[in-house]
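Peer 1: Chain by chain, the residues:
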Amino acid sequence: AQTVTQSQPEMSVQEAETVTLSCTYDTSESDYYLFWYKQPPSRQMILVIRQEAYKQQNATENRFSVNFQKAAKSFSLKISDSQLGDAAMYFCAYRSSLTGANSKLTFGKGITLSVRP
Amino acid sequence: EAGVAQSPRYKIIEKRQSVAFWCNPISGHATLYWYQQILGQGPKLLIQFQNNGVVDDSQLPKDRFSAERLKGVDSTLKIQPAKLEDSAVYLCASSLAALAGGPYEQYFGPGTRLTVT
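Line order of the protein sequences matches chains V and S.
Residue numbering for the first sequence follows the numbering used here, beginning at 1 and increasing consecutively.
Residue numbering for the second sequence follows the numbering used here, beginning at 1001 and increasing consecutively.
Some hints here could point you the wrong way.
As the list claims (entries may be wrong) - Here's a subset of chain S near chain V, in silico, CB distances under 8 Å, partners left out:
| no. | residue |
| --- | --- |
| 1 | S1018 |
| 2 | T1031 |
| 3 | G1042 |
| 4 | E1105 |
| 5 | F1108 |
| 6 | P1110 |
What the hints assert, rightly or not - Here are some of the chain S residues that sit facing chain V, going by a computed Cβ distance under 10 Å:
| no. | residue |
| --- | --- |
| 7 | A1020 |
| 8 | Q1041 |
| 9 | K1044 |
| 10 | N1052 |
| 11 | V1055 |
| 12 | A1093 |
To be verified - Straight-line C-alpha distance at most 25 Å; calculated DSS-like pairs for lysine-lysine:
| no. | chain 1 | residue 1 | chain 2 | residue 2 |
| --- | --- | --- | --- | --- |
| 13 | S | K1015 | S | K1044 |
| 14 | S | K1083 | S | K1011 |
| 15 | V | K109 | V | K70 |
| 16 | S | K1011 | V | K109 |
| 17 | S | K1011 | S | K1044 |
| 18 | S | K1062 | S | K1083 |
| 19 | S | K1044 | V | K73 |
| 20 | S | K1083 | V | K109 |
| 21 | S | K1044 | V | K109 |
No lab work stands behind these hints: they were computed from the structure.
Glycine included, each C-beta is placed from N, C-alpha and C at the ideal position.
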């Protein structure tokens, strides 16, 4: 079974600074997808960024980018120019590339990010 | 495009009572997921539907939890009787088609926060 580990329960960043959130995972599969989701106090899970394991290039979405190290099974999220609206819980998630019952997301425990004005 | 709808947003019940949650997925989404998110943890899959059929319910406590997706659209998750440890946020998500390949994004609803006293 796949596991996702987020070992930092909380992090804080100054507004306009850069912060990196860590995530490691364990799997025996060679092809899969990794995600970072944001969950604000409203509880709505919002997809931040996605990485396909077969792609060597790290995904980027505006101020958000990832550092995907497949051999190390590491998947960190970098938030540049942090904004007050970035404050939320962030979850790292894994999804197999297989179909059907394997399409469920396996989440880490999450990390609470606070942004200081 | 309307998002995933869930109701109610909050529910407080006493242990041994029953409760039901409703989810309406995004139009055209064949796959529907129910996740349980206990405070301080990441969401965990309870059950996955493809149209009106169950794909995965291996983590559903079937002695007290039940779910259905009649006509392959709306879904209802029921707990009877509730226990204190069922206090959690129940998230519904939908995606286009988990039976086909591809990183189909899961779109989440706002969740229902259940408190069992």
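Peer 1: Look at each hint and say if it fits the structure.
Peer 2: Hints versus structure:
1. Against a cut-off of 8 Å between C-beta atoms, the interface hint on S1018(S) is violated, since the closest Cβ of chain V lies about 23 Å away.
2. Because the closest C-beta pair between T1031(S) and chain V is about 7 Å apart, less than 8 Å, the hint holds.
3. The beta carbon of G1042(S) is positioned within 8 Å of a beta carbon in chain V (closest approach about 3 Å), and the interface hint is therefore held.
4. Checking E1105(S) against chain V: minimum C-beta separation of about 6 Å stays under 8 Å; hint holds.
5. A least Cβ separation of about 4 Å between F1108(S) and chain V falls short of the 8 Å threshold, and the interface hint therefore holds.
6. About 5 Å separates the beta-carbon of P1110(S) from the nearest beta-carbon of chain V, less than 8 Å, and the hint is met.
7. With a cut of 10 Å, the hint placing A1020(S) at the interface with chain V is violated, because the nearest CB-to-CB distance is about 19 Å.
8. About 6 Å separates the beta-carbon of Q1041(S) from the nearest beta-carbon of chain V, less than 10 Å, and the hint is met.
9. At its closest, the beta carbon of K1044(S) sits 7 Å from a beta carbon of chain V; the interface hint therefore holds under the 10 Å criterion.
10. For N1052(S), the suggested interface contact is broken, since its CB lies about 15 Å from the closest CB of chain V, more than 10 Å.
11. Given hint, V1055(S) at the interface with chain V, holds; its Cβ is 5 Å from that chain's nearest Cβ, closer than 10 Å.
12. With a cut of 10 Å, the hint placing A1093(S) at the interface with chain V holds, because the nearest CB-to-CB distance is about 7 Å.
13. Restraint check: the Cα-Cα separation between K1015(S) and K1044(S) comes to about 22 Å, which is no more than 25 Å; the hinted pair holds.
14. Only pairs whose Cα atoms come within 25 Å are accepted, and K1083(S) paired with K1011(S) is accepted, the gap being roughly 14 Å.
15. For the hint linking K109(V) to K70(V), the alpha-carbon distance of about 21 Å falls within 25 Å, and the restraint holds.
16. Taking the CA atoms of K1011(S) and K109(V), the gap is about 24 Å. The hint holds against a cut of 25 Å.
17. The suggested pairing of K1011(S) with K1044(S) holds, with an alpha-carbon distance near 20 Å, which does not exceed 25 Å.
18. For a cut-off of 25 Å, the pair hint linking K1062(S) to K1083(S) stands: about 13 Å separates their Cα positions.
19. Annotation: proposed proximity of K1044(S) to K73(V) holds, straight-line Cα distance about 21 Å (limit 25 Å).
20. Our distance criterion of 25 Å between C-alpha atoms is met by K1083(S) and K109(V), whose separation comes to about 23 Å.
21. Proposed proximity of K1044(S) and K109(V) is supported: the alpha carbons are some 10 Å apart, at most 25 Å.
The structure fails hints 1, 7, 10 (numbered hints given earlier, in ascending order).
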